[in-house]
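We have chain A already, so just place chains B, C and D on it with the hints.
Number of protein chains: 4
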Amino acid sequence: MLVPLDANGRINEAELRRFINWLIEKGVHGLYPNGSTGEFTRLTEDERRVIARITCEEARGRVPVLAGAAEANVKETIAACELYHTYGARAVAIVSPIYYRLSPESVYTYFREIALNSPIDVTLYNIPLFASPIDLNTIRRLSELAKIVGIKDSSGDVAFMMRMIAAIRPNRPDFTFMTGWDCVLIPMLLAGANGGTNAASNVVPELMRKLYDLFQARQLDDAMKLQHRILELFDLMLNPFEFPDGFRAGAEMRGFNFGLPRQPQSEAQKADRAALKSTLQCLLSETGFVDAPAAGCAPRTGNVQQDKLEQLVHEVMESLRAKGML
Amino acid sequence: MLVPLDANGRINEAELRRFINWLIEKGVHGLYPNGSTGEFTRLTEDERRVIARITCEEARGRVPVLAGAAEANVKETIAACELYHTYGARAVAIVSPIYYRLSPESVYTYFREIALNSPIDVTLYNIPLFASPIDLNTIRRLSELAKIVGIKDSSGDVAFMMRMIAAIRPNRPDFTFMTGWDCVLIPMLLAGANGGTNAASNVVPELMRKLYDLFQARQLDDAMKLQHRILELFDLMLNPFEFPDGFRAGAEMRGFNFGLPRQPQSEAQKADRAALKSTLQCLLSETGFVDAPAAGCAPRTGNVQQDKLEQLVHEVMESLRAKGML
Amino acid sequence: MLVPLDANGRINEAELRRFINWLIEKGVHGLYPNGSTGEFTRLTEDERRVIARITCEEARGRVPVLAGAAEANVKETIAACELYHTYGARAVAIVSPIYYRLSPESVYTYFREIALNSPIDVTLYNIPLFASPIDLNTIRRLSELAKIVGIKDSSGDVAFMMRMIAAIRPNRPDFTFMTGWDCVLIPMLLAGANGGTNAASNVVPELMRKLYDLFQARQLDDAMKLQHRILELFDLMLNPFEFPDGFRAGAEMRGFNFGLPRQPQSEAQKADRAALKSTLQCLLSETGFVDAPAAGCAPRTGNVQQDKLEQLVHEVMESLRAKGML
Amino acid sequence: MLVPLDANGRINEAELRRFINWLIEKGVHGLYPNGSTGEFTRLTEDERRVIARITCEEARGRVPVLAGAAEANVKETIAACELYHTYGARAVAIVSPIYYRLSPESVYTYFREIALNSPIDVTLYNIPLFASPIDLNTIRRLSELAKIVGIKDSSGDVAFMMRMIAAIRPNRPDFTFMTGWDCVLIPMLLAGANGGTNAASNVVPELMRKLYDLFQARQLDDAMKLQHRILELFDLMLNPFEFPDGFRAGAEMRGFNFGLPRQPQSEAQKADRAALKSTLQCLLSETGFVDAPAAGCAPRTGNVQQDKLEQLVHEVMESLRAKGML
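Protein chains in written order, with our numbering: chain A, 2 to 327; chain B, 2 to 327; chain C, 2 to 327; chain D, 2 to 327.
Chain A with its partners taken away, still in its complex shape (with noise of 0.2 Å):
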């Protein structure tokens, strides 16, 4: 989940709440406030609880709440583990130790005192592209304590997941996969995770249900259909912007008022934000959510530099058409 801020820069509470029972409205099976895409590290412990406060009370137990729980410290989030539980989460999702990068027995001793002096579910949460990786061995260890119920994984790699599921399944059939490489969704969910915790729902949560609904009703060529549409989408929200700004710059379009982002931009960055704004704009109306740009769209070359020239040259002729100076 990503979180609306103020012109100010401060959570917008109101804009919060409205996006969460927006998600919900369309259909996302559960939240997850403090994440990757929620920009946990650049909250303070304070905003962090408030966050989860509010996703939980907004929820009202219509879908479950994963919450992120990391803090500086093991003592620190086990706190936040506690207060997560009397908020009324489902559970909490801690992400491997961030800045040293630490061994294996490491990861595994960190989790491990967490696990067993939390009070409510522990989900790991692997993204070894930002924190300490936690290995195919160190799951399959932290899988042996009860309190561990499942792992959100960004690798993005296929064959990780069906490693981690060959290894661990057998042994703990309720343990929960979950993908957070939105791309590869159907890949994953045919691979055996059980969902996906994804940056696009924030921004087409009717798409990314729709995509596992079909997965469900095995329609795979549709499914996949679907999910070269989300590529599309993600990339262009992925790469050009820096994250998870481009996700915030989609869900704008949605209709909310995301605010002052807390990593500063320049003035190019910010007319470079623009340009791909419309680009993805356009991406955007072909799902029908959104509106096109007034000025309509230029074609797409799936080439993000050139089809961000190319829609703006199309603006800029479209606007000299319009004052008739073409």
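A couple of the hints might just be wrong.
Heads up, the list lumps identical chains together, so a pair's fine if it works in one copy or across two of them.
What the hints assert, rightly or not - Straight-line alpha carbon distances no greater than 27 Å define the calculated DSSO-like cross-link-like pairs of lysine-lysine that follow:
| no. | residue 1 | residue 2 |
| --- | --- | --- |
| 1 | K309 | K324 |
| 2 | K271 | K76 |
| 3 | K148 | K271 |
| 4 | K211 | K226 |
Derived by calculation from the structure, the hints in this document are not laboratory data.
The following block gives chains B, C and D in isolation, referenced to the frame of chain A:
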């Protein structure tokens, strides 16, 4: 394709011919000599030619041959393309430049030069672990050249496969996408790949063919069950051995003599290989194509080091038991 | 600077004050609280403030304080800059954004925003192993801002230090270059660096100071002899332990109580730590500042795992000998 | 050593002999054919032999020859060792296995096999950027073999050089340590290295020799001033060009014809090379060995892309001025 050597490390022509025939009988759709599994960089130029020639001869038109033709430089590579064309190869596969890590522009220029001068169709070979990566935009640019007809991608990245297909197939519907990552063949086929050029086909060609056929028949649940077994086998042959020696060890169990390897092994490595081979034999015996070791098999845990140890203990115990000492 | 904790893992204020005084008495040129060695990411916001305050208080103007001021986001970081300014810090050090890997443009924008709003001089902190790298061009651009007065670089790359100095010093002769890679302090000083902010100064501040003084006196042969001893010590504290626990173990031998670490340790890790600490004690005893273990020291081989083993064997043998069993 | 080619890309024997003589006259202490700068992987086996033979012949005992002898496999490599021994080479240099990334144990076994069968002294060549890394423990183990007499390390890591020397020199005082990272030759010599095998010696052999002599005379301030100029030159030849083409471009300015490169260049790359070469000529003209371009030189900024642009603008302006158009 692996290359059988003799006790002195020279190409074992008779065994190579026997191996080729066996592969074809077992159902492979094509042959790919002088790839990474064929240790092309450990062969001399003359040896690579001999292997390409023998493969084309022995195939006798029953299946197409995709011959690895990368040589020291563009001129030598084009000469190999010309020669393999006269041998009757269907196409050549050319790995991206090795050793130096070239820029995308130089990778493009390298392949362009070859494509413009080759009399035979060219397949790109992307293996970023070992050679200069061929990025998406470079592949797209190269797909505009008529002589370039496909790509073998060994990145193992399903999303990358989807991106390639989305970028190229609209303009080149005939372009062929193959994966070199055996353990995710089904997800890759689902993503739109045409097939695989897989090291495991040297060991269980029947199973790799069956995997493909199950996908074509859209029996995805059975396909994924088999895919999981292939993953287990692939991981055991890939990781604990030095590539491609695990695949050599596997093919030896199918009744072929692979001789003295090119990369020397220490006594400790030879002992370790014997222990791993025993674990591998147990795994392969489950396919029904290979007998279990005489002493039987210990239960597997999925942890290679532990499995190796347990199998060793098992065999020692059985041996003592056989001698009436237990 | 390391942070002494108590038996419950809370900041041990009395020991921290004693440690600060000891460091100053032993000759350090300055104090740097809330750096990587100070485990700033494992502290709460409040704890970081307490440590900065105590350090400034206890320094009492005897040496300047460079206070780590990185917080969750730009706004919080600027607030810390303001606060540490009132504490009397000479400057702040700010690590490049953590967790997310930002583009050079975003790294620039981040530091620019801080520099334009900080009342206190700012030092960049580049540690590409753990945080978004600050590349050469970004450092050059940032050096154009008056409030940015230096960089601490922990890349350990001497050529990079030379490149930074060549690019910046002509326009900013006052810009300060410090290395965080203790084991090459002399090569870095030779390359033009102004000094070091080194973890080893927590353990052997006298030797790090002497290393600097030998260079200033241009006694390079003696300096390099000492540098080689520092390298040996640094490597033993850095690699086999989880950072910065090896430095904690070393400082404990100088008579300080560092208490319960923030990152939990398994029983196996605790046993390993004890064995490594014994090897470390032997190495430190050669400096003359630390007594050898009662049982004496085995000869060292330079191979950490082997040294640890030999020291263990040595201690067991001595123990048996002491009991008259050998 | 670079290899002059002719207009068709074949070895230009006359120019090669002239180049060798020039290098010796300019003061190099030895010759190293068939290294990375010599593009050994882009040569055929026969070509590598020709180059080694010509180098040994032309050296005529004036300086020792360290001949790169790595071939496709151990057997071929030993054959090259035997041949180069008969040519009169002082020793061979053998790069760690390429393409496949081997384990330390396999790297050890590879070099051990060669060392036990080579009639000529062997130097290890560690270049982790391009080939399997040779780690510290493996180097130490290999240094126990009498035939292995030294290492060329191109990691550029001064601390690693210190670690190697500390681990090996006590037992092998005769072991030779050479750095392949031109821009930190002085720090490496200070760290204890014996010398360098440097690509820049193809372009400014006098300066590289002078750098070494200044260190031997312990004129470290002058040495570091020169080292900074070498860094600037090295960076310009290394990064914006595709290695080793920048060094080819530099050597061309010293009066040699390097002919058609093995790696083809696009028209855009050729134009870019011409622009970079002009910037390089300006930099080289400051050494006094090369004339400035006829149109003169723009001031340099240290930013390669900007320098290239400013030099281009400068040349266009001068050209217009010369034609009286400005």
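Here's how the hints hold up against the structure:
| no. | hint | result |
| --- | --- | --- |
| 1 | K309 / K324 | within (23 Å within a copy, 41 Å between copies) |
| 2 | K271 / K76 | between (40 Å within a copy, 19 Å between copies) |
| 3 | K148 / K271 | between (44 Å within a copy, 25 Å between copies) |
| 4 | K211 / K226 | both (12 Å within a copy, 25 Å between copies) |
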